[in-house]
Amino acid sequence: MEKICKLLFEAGTLKLIPRAGWLKIGIKNPESVAEHSFRVALISFFLSLLEGFSFSKSCEIAFLGLIHDLHETRTLDLHKLSKKYVKFNSNEIITEQLNLFPETARNEILELKKDRRIRDIVEDADKIELYLQAREYMESNPSAKLYLENLNFKTKSSVKLMKMLKKMDYRWWKEFE
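Going from the sequence shown to the working numbering is simple: count from 1 and add 1463.
Heads up, some of the hints might be wrong.
[Stated by the list, open to error] Derived DSSO-like pairs (lysine-lysine); straight-line CA-CA distance at most 27 Å:
1) K1590 <-> K1629
2) K1577 <-> K1608
3) K1466 <-> K1520
4) K1577 <-> K1491
5) K1617 <-> K1520
6) K1520 <-> K1550
7) K1478 <-> K1466
8) K1617 <-> K1543
9) K1547 <-> K1469
10) K1478 <-> K1619
11) K1577 <-> K1619
12) K1626 <-> K1637
13) K1608 <-> K1576
14) K1577 <-> K1617
15) K1546 <-> K1487
16) K1576 <-> K1491
17) K1623 <-> K1608
18) K1543 <-> K1590
19) K1619 <-> K1590
20) K1626 <-> K1469
21) K1487 <-> K1576
22) K1550 <-> K1619
23) K1576 <-> K1469
24) K1547 <-> K1487
25) K1608 <-> K1546
26) K1630 <-> K1576
[As the list claims (entries may be wrong)] Quick list of the computed label-pair ranges, beta carbon to beta carbon:
27) R1580 <-> M1625: 14 to 22 Å
28) V1549 <-> S1519: 37 to 45 Å
29) F1639 <-> N1570: 21 to 29 Å
30) V1549 <-> E1640: 43 to 51 Å
31) N1613 <-> S1553: 40 to 48 Å
Bear in mind the hints are in silico, worked out from the structure with no lab data behind them. Think of the CB as a built atom: it goes at the ideal place given N, C-alpha and C, for glycine as much as any other residue.
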């Protein structure tokens, strides 16, 4: 029980860690890693369903999306430029953090991470979330457009979803006002 409590407190710090790439282009109060992870989890869930996974398996994959940046509680969110100079052992961090999970959950998470298709879904979800956030930030900062380019996807569903997202107004909900 104590390990779970430690993990919960540690995970809470993701709410305080800003996404570094947005700071680099001048976004004053960028989304936190926790906010980013929330939408990555949702996207992972829907991509999993679109890729033919069951509801329950899609929930498991969504959980991987939720914790995909959990290691950043210990490293912060590093911009690509920073990663050139700052070295750390992400596998060691992930292993230490997974040791805070109950053993059955830890083993299932490790099994899920072995599946290339599942890893591709979560990686694609991460990129789609980046795209969505860039579209939203472009309203106030045209430099966010940099993050709309060079996004390569591995799953067919991601490619299809992106085609539709590119056509839509991200403020579609204004139809109700």
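Earlier hints that do not hold, by number: Per hint list: 2, 4, 6, 9, 10, 13, 16, 20, 21, 22, 26, 29, 31 violated.
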